[in-house]
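One letter stands for each residue in the lines below.
Number of protein chains: 2
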Amino acid sequence: MSVHVQKFGGTSVGTPERIKHVARLILDTKKKTGDQMVIVVSAMGHTTDELIELASKVSSVRNNREMDMLLATGEQVSISLLCMAIHELGAKAISLTGFQARIKAEQVYSKARILQIETEKIKKLLDEDNIVVIAGFQGVADDTEIVTLGRGGSDTTAVALAASLNANVCDIYTDVEGIYTADPRIVPNAKKLKEVSYEEMLELASLGAQVLHPRAVECASSYDTIIHVRSTFSENVGTFVKGVEDLEVKNAISGVAIDKNQAKLALLQVPDKPGVAAKLFTAIADGGYIVDMIIQSVQESQNNDISFTVAKDDLEAVSMITKKVAEEIGCKAVVSDSNVAKVSIVGAGMVGHAGVAASMFKALGDAGINIQMISTSEIKVSCIVDLDECEHAARVIHNVLIPSDIAQ
Amino acid sequence: MSVHVQKFGGTSVGTPERIKHVARLILDTKKKTGDQMVIVVSAMGHTTDELIELASKVSSVRNNREMDMLLATGEQVSISLLCMAIHELGAKAISLTGFQARIKAEQVYSKARILQIETEKIKKLLDEDNIVVIAGFQGVADDTEIVTLGRGGSDTTAVALAASLNANVCDIYTDVEGIYTADPRIVPNAKKLKEVSYEEMLELASLGAQVLHPRAVECASSYDTIIHVRSTFSENVGTFVKGVEDLEVKNAISGVAIDKNQAKLALLQVPDKPGVAAKLFTAIADGGYIVDMIIQSVQESQNNDISFTVAKDDLEAVSMITKKVAEEIGCKAVVSDSNVAKVSIVGAGMVGHAGVAASMFKALGDAGINIQMISTSEIKVSCIVDLDECEHAARVIHNVLIPSDIAQ
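In order, the protein sequences belong to chains A and B. Be aware that the first sequence starts at 3, since it is given in the numbering used here, and climbs by one per residue. Be aware that the second sequence starts at 3, since it is given in the numbering used here, and climbs by one per residue.
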């Protein structure tokens with residue numbers, strides 16, 4: 003008998019009525035497919051935010067262990083309520099916390115990674131005809147410690163379970179119809195994609211398309227698990243995320259993404275000595291901060307500039323590290339700018355289409371939008387532009403580069 | 003180093019401000035006594051009721067396993083927030099769920115009893131200078147199942163921990179100043195007791211004095227753990243609950259209690275054959291219902307009546323069982339009355355004071371209150387009276403029987 007994994011996000015289980023709707027959806031799928039059902043749920047609606055707010059009223063000191071203890075309750079509430087709703091419809095269901103489901107994770111509070119899932123118990127419960135409802139976003143470390151996987155971690159739980167249980171498909175139910183060529187709130191003629199490769203999805207997710215968590219996509223890619231992103235509130239087929247070799251059509255460009263959580267730092271007139279860049283970026287990495295784009299521009303003199311981007315939230319901390327290194331290496335000045343955003347195009351079919359990047363730059367140039375930094379990968383071209391111009395930039399690029407027949 | 007256990011109820015941790023107050027109280031005690039501190043907390047304020055309400059919106063089917071899964075989150079929220087509040091004050095604290103604290107319990111969902119507490123982990127954390135904050139009301143069964151101990155179970159958690167850890171004292175912090183000779187809302191001149199024996203407390207708790215859960219008192223009695231019931235919101239000394247041999251003064255009467263959760267059932271004209279009562283009360287016990295008072299009154303003829311009381315909530319179910327048995331044994335009629343209440347006097351010094359019961363009956367008679375049923379034990383006399391008259395009855399008895407110098 004096949005296993006079918008379905009994940010329902012916080013909006014999908016946001017009210018008692020919605021939980022009952024989700025229970026019906028699950029039983030419909032079970033009836034249609036005859037599959038054994040494993041369900042992953044997030045915390046209801048804004049529960050997680052409310053718990054964080056409650057914590058902030060009690061203490062200004064953040065303790066990740068206690069925060070995980072607190073936040074893990076959100077999913078525990080959802081799993082029990084969903085089971086009750088399934089019971090109400092006359093089917094068998096049993097809930098498992100991350101600990102009970104043996105979702106073993108690193109002992110890194112608030113952002114643990116799943117190491118392994120011991121599936122014996124889940125399989126036994128499935129064989130006893132239970133719908134097994136598992137708390138997303140949480141795991142167990144060192145056999146007893148409750149750890150959370152960080153925001154969006156429920157997606158990862160679902161995909162990891164699908165991989166461990168050799169599920170046919172992992173449905174990620176959410177409040178949108180699937181993956182779009184751009185955020186429809188920003189680009190009104192954005193289209194829903196029929197399918198997209200893991201690599202493209204990964205770039206889109208990392209670049210700010212909020213639908214699927216990057217770690218979930220990575221995990222699906224590693225185990226070749228097909229993800230079906232679809233809406234809890236309609237019966238429409240959504241978007242399938244799968245291996246590039248399984249795609250029916252490779253789109254040159256699958257999507258345009260905006261990431262507003264960007265800030266730019268620049269060291270001016272860096273002495274042209276070996277090891278300077280290494281020193282800087284090692285110091286930043288040691289602080290636990292991730293640098294995104296890096297540009298080193300050689301000037302006429304012996305000095306050059308180094309520019310790079312980090313997440314906006316990290317700007318202050320990275321600035322301090324950078325200034326310290328700048329002093330040590332005798333660099334003239336450090337400047338920062340948080341008024342920037344990253345606009346990117348992503349496409350598995352971009353490889354070999356030399357003209358794509360050029361078309362993007364031309365579209366931006368024609369619209370009078372200044373490009374501050376550029377970075378490229380095999381399936382992506384990103385430009386840093388002014389924060390105020392990024393949405394306009396996305397619309398311009400989408401109009402020029404996304405073919406009208408791209409979606410289903 | 004001595005261990006000191008403190009338990010804070012739902013009202014005591016009902017808001018972020020109160021949680022911060024509790025954190026200060028704990029650190030004050032730690033500083034004053036130098037003891038290692040183990041803290042037990044209940045769910046915040048009305049959390050448990052809100053969760054039950056949420057469940058009722060999702061399903062009309064009650065599943066005790068999923069209800070325990072749901073309710074256990076309430077205490078988990080409290081323990082994490084209290085630890086954060088303690089961290090804010092600069093001290094070390096770590097929270098443990100029932101599972102993590104190895105509070106092993108029966109696998110009986112929603113009313114498990116604690117079987118054993120494996121204290122190695124708690125002791126290790128205490129030795130590392132942590133204040134250990136443990137979720138009340140919950141335990142672990144079969145190594146992974148989350149079970150709750152039923153309402154008031156947090157008291158039991160605290161006392162069981164105090165017993166297991168050989169604590170000097172178990173402070174039960176609540177929203178009243180201690181144990182009173184009667185409910186001050188009903189009997190305005192009720193007085194706070196300085197001390198009361200386990201046996202008296204057990205009767206008072208069973209009889210509707212809501213302050214301490216009977217199972218907690220039983221547990222304290224078994225291990226000779228002294229309980230100090232006191233208010234979170236004042237610094238006054240409360241009431242000590244201890245062994246009768248340790249009492250400084252044995253009061254003839256320690257308190258007057260009212261239990262409104264009573265209903266009366268009567269089988270009329272029961273054929274006077276052996277085994278009839280056994281048949282009835284076995285059937286009721288098999289249904290899981292507890293019978294309180296039983297009176298068999300022999301009539302002139304060969305038939306007699308059997309009257310008994312049960313909890314008001316159980317009346318409907320017990321009525322059905324009783325009617326079925328009544329038919330089988332050829333009994334004429336079953337009548338029930340839920341408009342009754344039990345008024346009791348309790349006192350460890352009552353033994354040998356033959357006049358106490360008589361004084362109670364006289365006080366009620368002088369006040370024109372009709373006594374429907376009577377039961378007595380060594381330290382208790384209970385009367386069933388009209389529900390509407392029970393509060394008046396309590397005041398009358400208190401005035402006549404409680405000496406004015408009883409309390410501290």
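Think of the hints as simulated: they come from the structure by calculation, not from any bench. Do not take every clue at face value.
Which copy? The list can't say, so a pair holds if one copy fits it or any two copies do.
[Stated by the list, open to error] Calculated pairs, DSS-like style, for lysine-lysine (alpha carbon to alpha carbon, straight line, at most 27 angstroms):
hint, residue 1, residue 2
1, Lys275, Lys113
2, Lys94, Lys113
3, Lys364, Lys262
4, Lys275, Lys326
Which holds for Lys94 with Lys113 at a C-alpha limit of 27 angstroms: within a copy, between copies, both or neither?
For Lys94 and Lys113, only the inter-copy Cα distance (22 angstroms) is at most 27 angstroms; the intra-copy one is 33 angstroms.
Status of Lys262 relative to Lys364 across identical chains (alpha carbons, at most 27 angstroms):
So Lys364 and Lys262 pass the 27 angstroms test inside one copy only (22 angstroms; across, 83 angstroms).
Could you figure out if Lys275 and Lys326 sit no more than 27 angstroms apart (CA to CA) within one copy, between two copies, both or neither?
within (17 angstroms within a copy, 98 angstroms between copies)
Within a copy, between copies, both or neither: which one fits Lys275 and Lys113 at a CA-CA cutoff of 27 angstroms?
Close neither inside one copy (37 angstroms) nor across copies (72 angstroms); limit 27 angstroms.
Checked against the numbered hints given earlier, the structure breaks only hint 1 and satisfies all the rest.
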